[in-house]
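Note that the protein sequences, when read in sequence, are chains G and R.
Going by this note's numbering, the first sequence opens with residue 1, and the numbers climb by one from there.
Going by this note's numbering, the second sequence opens with residue 1001, and the numbers climb by one from there.
What the hints contain is simulated information worked out from the structure, not anything from laboratory work.
Any given hint might turn out to be false.
Said to hold, decoys possible - Listed below are several chain G residues computed to face chain R (Cβ distance under 8 Å; list not exhaustive):
no.	residue
1	Asp342
2	Arg365
3	Lys405
Using N, Cα and C, we set each Cβ at its ideal position, and we do this for glycine too.
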Amino acid sequence: MLALEAVRKAYGRVEVLHGIDLEARAGEVVAIAGANGAGKSTLLKILSGAVRRDAGEIRIGGEPAELASPREAQERGIRTVHQELSLVPQLSVTENILLGDLPRTRGLVDWRAAHARAGALLARVGFDGIDPRATVGRLPVARRQMIEIAKALASEPRILILDEPSAVLAGEDLDRLFDLIRSLRADGVLVLYVSHRLDEVMEIADRVTVIKDGRIVTTSVPADTSPDEIVRQMAGRRLAQVFPPRRPQPGRELLAVEGLTREGAFADVTLDVKAGEVVGMFGLVGSGRTEVAECLFGAARATAGEIRVDGKPVDLRTPKQAIAAGLALVTEDRKDTGLVLDMCVRDNAGLATMAKVRRWGLLDRKRQSAMVDEVVDELDIRPRGLDRPVRHLSGGNQQKVVLTKWLLSRPRVLILDEPTRGVDVATRVDLYRMIDGLTRTGLGVLLISSDLTEVLGASDRVLVMHEGRLVANLPSADTDEERLLAHSIGVAA
Amino acid sequence: MNAVASPSAIKARLPELRANRGLVINGSFVLAFVVLVIVAAFTSDAFLTESNVTNLLRQMVTTGLLALGMLVVILTGGIDLSVGSIVALTGIMAAGLSAHMSVAAAMTLAVIVGVACGSANGILVARFRLAPFVVTLGALTTIRGLSFVYSETPITPLKPGFLAIGTNTVGPIPVAAIVMVVAFAIVQVFLTRTSAGRALIAIGGNREAVRLAGIGVSRHLLLAYAISGFCAGLAGVILASRVGIAQPSVAVGFELNAIAACVIGGASLAGGRGSVVGTLGGVVLLALIDNLLTLYDVQSYWQQVLKGLIIVFVVLARRQEEER
Chain G
1 MLALEAVRKA
11 YGRVEVLHGI
21 DLEARAGEVV
31 AIAGANGAGK
41 STLLKILSGA
51 VRRDAGEIRI
61 GGEPAELASP
71 REAQERGIRT
81 VHQELSLVPQ
91 LSVTENILLG
101 DLPRTRGLVD
111 WRAAHARAGA
121 LLARVGFDGI
131 DPRATVGRLP
141 VARRQMIEIA
151 KALASEPRIL
161 ILDEPSAVLA
171 GEDLDRLFDL
181 IRSLRADGVL
191 VLYVSHRLDE
201 VMEIADRVTV
211 IKDGRIVTTS
221 VPADTSPDEI
231 VRQMAGRRLA
241 QVFPPRRPQP
251 GRELLAVEGL
261 TREGAFADVT
271 LDVKAGEVVG
281 MFGLVGSGRT
291 EVAECLFGAA
301 RATAGEIRVD
311 GKPVDLRTPK
321 QAIAAGLALV
331 TEDRKDTGLV
341 LDMCVRDNAG
351 LATMAKVRRW
361 GLLDRKRQSA
371 MVDEVVDELD
381 IRPRGLDRPV
391 RHLSGGNQQK
401 VVLTKWLLSR
411 PRVLILDEPT
421 RGVDVATRVD
431 LYRMIDGLTR
441 TGLGVLLISS
451 DLTEVLGASD
461 RVLVMHEGRL
471 VANLPSADTD
481 EERLLAHSIG
491 VAA
Chain R
1001 MNAVASPSAI
1011 KARLPELRAN
1021 RGLVINGSFV
1031 LAFVVLVIVA
1041 AFTSDAFLTE
1051 SNVTNLLRQM
1061 VTTGLLALGM
1071 LVVILTGGID
1081 LSVGSIVALT
1091 GIMAAGLSAH
1101 MSVAAAMTLA
1111 VIVGVACGSA
1121 NGILVARFRL
1131 APFVVTLGAL
1141 TTIRGLSFVY
1151 SETPITPLKP
1161 GFLAIGTNTV
1171 GPIPVAAIVM
1181 VVAFAIVQVF
1191 LTRTSAGRAL
1201 IAIGGNREAV
1211 RLAGIGVSRH
1221 LLLAYAISGF
1231 CAGLAGVILA
1241 SRVGIAQPSV
1251 AVGFELNAIA
1261 ACVIGGASLA
1271 GGRGSVVGTL
1281 GGVVLLALID
1291 NLLTLYDVQS
1301 YWQQVLKGLI
1311 IVFVVLARRQ
1321 EEER
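Given these sequences and hints, build the entire structure.
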C-alpha cells in the first residue's frame, strides 16, 4: 500500500531525515515512535504533502507518488489528523466535516442531506452523541478531536495518519478511538499511528517503528518488544564531542522557586539554580516547561508559589521587573517572540538595553554600536555588519543576536528555552562553549530542552517535567538518556 | 575602504540601507517625480511660476502633517482614521476661541484638543486592546459630530493675526511649509535616534519581542496616537488659518490621502516598515498630481479617477522593484 525508499529532507543546511525506508500494507496499524526532533513530524509532513522531500521514492498502491501538495496527498487517498486541530470554530460540526463538499440541490446547500451525512460519519467514528448542528467552538476538545477524525474519514482515505490523537482523549473516548481503528483495519485502511504513549502503542499497533535522528532504527511486533525496549531504542546513543567538559562548582543560590503553579499549565514546581551551575529541564512538548519559563520571566502570571532571586523574594508581574531582578529569557521561538526581523542587528541586540545608552533624551548610537559590537564580536556573528536586517541572517546567527540582547542586560540567571532549535551544529558548539564560559563568571543557567543529548551534555543536573509536574531531579553524571525519557513519558520505575 | 563603491555593491546593500537609514532610494519613485516635473514644465506655462510653486507648497501642508502622524501610527501596526475629523474640530475651535483670547492661546488650546483626541484613541487601543481600525472609525464619527456641536455654521475669525501661520511667506516659501518640514525633521530624529522611536517601530515588527525586552508596549502605543493627534491638530489650525474660515464639514476623507502618502512612501500597513523621507515623497507626489491635473483643467471627477489609478500604479511599481 505504502512504500518509502531512501526519503531525505533537509531544512537549510541541516538534514533531518537521512534516508527513510518504510513499507506498510493495507489493513495494518503501524505505530511510529521517536523522541522530539527525531524527524517524525517531518516524515508526516512529507506524507501529507505539507513539505516536499529532497530525494527518495514514495509509492502508493505500487504507483510512484510526488506528494507535492496537500491536495495531491488527499487525491492519493492520504488523510492526516494533525496534533493541532484544523477546525473552524465558528462553523457548525456539519460544515467542518463536509467543508468544500457540501451536498447541493439546484446550486443551494441541501442542509438536511448535509446534516444527515455528517451524522452518519460521526456515528461511524462512534460519536453519534454529537449534534451536527452544534457550533464546533462550543464543544470540548476531545469532541473536536473526534470531529477532526470524522472529517478525515469523509473522503474515505486509503491511508489515515493520526498524529498524537490520544493527547486530548482519555478513558472511554480512547476506547472508541481504538474500536474505530480496528474497524478501519478490517476495512483495509492503512493507519499510521504516532504517539508518545507507549502503552497505547503496544495495545493498538501491529508493528512499531522507531525513528531516531532522522533514521529508522528498528521495526518490531509488539509481542516481541516492551515499552522499556522501545525507550532504549528511542534514546539510543550519539557520540559527539560537542559539549565542553563541565566541572561544576555551584556557588550560592541565585534563583529559588517554591511551589510555583499556573493553573492549567503546571503545578507545584520547586527548583533552584546556583551560581556557576547549568540546570537542564527536560520534558515532552506540552509538559509545561515553556510555561514555567514564562512565569519565571514575568511574561505569564503564576497563580501560586514564591520566587526568590539572590535570596530576596521578588514579584514578577512583567518582563521589565524580571529583567530588573537579574533574569533573562531566550524564548523558544526566536521569530515569533525574540526578534524584530525587519530591524537591524544593532536595534535587535540593543532592544532591552536602550535605557543604558541614552543621553539627553537621544540614543547614543555610537555607544550602542560599541556595546553591541563587543558581544557580536565575541559570539562571532556572521556576516559582519550591525546594519544588516536580522531577517537575512541564518538561524544560528539569529540566535546569537538574541543572546547578545540578553547578555547586554547583564543577567544573573539566564533562562534558555530550546536555544538550539533550527541551529546548525557548528553554532551549537559555539553556544555550548558560551554557556560554559558564562557560568565560569558566576552566572546561573536554566537550560530548557527537548533534546536529550543536549540536556545531558550541557547541564550539570537535569529536572524532568511530566504533565505539568517536576518528576525528577538527576545529576547528569548519574543518569542517562533512557532514564530521562522514561521519566518524561511517565514510565520510570 | 573602497574609495568608490561600485553600483553592484550599492545594490547589494540596498535592503540594509532601506531598513536602517529610513531612506528610500527607489528608482521608479524618483523617475515618476522627474517625469512629472519635466512634462509639467514643458506643457504648462503656469507650472513653474512663483505663485504656483508657493501654492503647491501650501497645499501639501495639510496632507503632509496628517501623513506624518499617520506614519508613526502605521509603524506600530495601527491606523488612525480620525485625523480628518480632528482637523475639522481643531480648526473650528481655534477660530471660535480666538474671539475670546489671543490667537496664539486659541491655536495652542486647539492643538491640545487634537492631542487629547489622539490620546483617547491611544488609550482605547493600548489599554483596552481594541482594534485600531474600529477605535479610530468610532472616533472619526464622534469627533466630526463634536465639530458640528461646537459650531453648526462656519466661523470666520476676525483677528488678522489668525491668518498669519497659514498665509505668510518667507520669500516664495510659505511659513506653513517650513513648519511642516521642521515637523518632518523632528519626527525623523525621533524615530531614528530616540529609544521611544525605535521601540515604536519594533512594536510594529514584533510586539511580543518588545514586551519581553522589558519595554512598556501600551505607553508607546499611546504616544503614537497622541503624536498623530498633535499633527492633525496642527494641520487643522493651519488649514483654518490658510482658508480664513473654519468649517465643521472640512477635511472629510483626508485620512485616506494621508494613508496613501505613507503607502506610496513605502510604509507597510502591517507595521514595522516605513520611512519619513518616503512619506514626504508620497506627499509631494500626491500634491504634484493634484496641481497638474488642475493646471490641465481636468474635470474634478476625472481627477479622482486618475489620482486613484496613479496611486495604485506607484505602489505596484514599488512592490515589483522591492521583489527584484
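Against chain R, with CB atoms and a cut of 8 Å, does the hint on Asp342 of chain G hold up? Hint holds; Asp342 of chain G Cβ to chain R Cβ min 5 Å, cut 8 Å.
Arg365 of chain G as chain R interface residue, shortest Cβ-Cβ below 8 Å: holds, 7 Å
Evaluation of the interface hint that places Lys405 of chain G against chain R, nearest CB under 8 Å: holds, 7 Å
The structure fails none of the hints (numbered hints given earlier).
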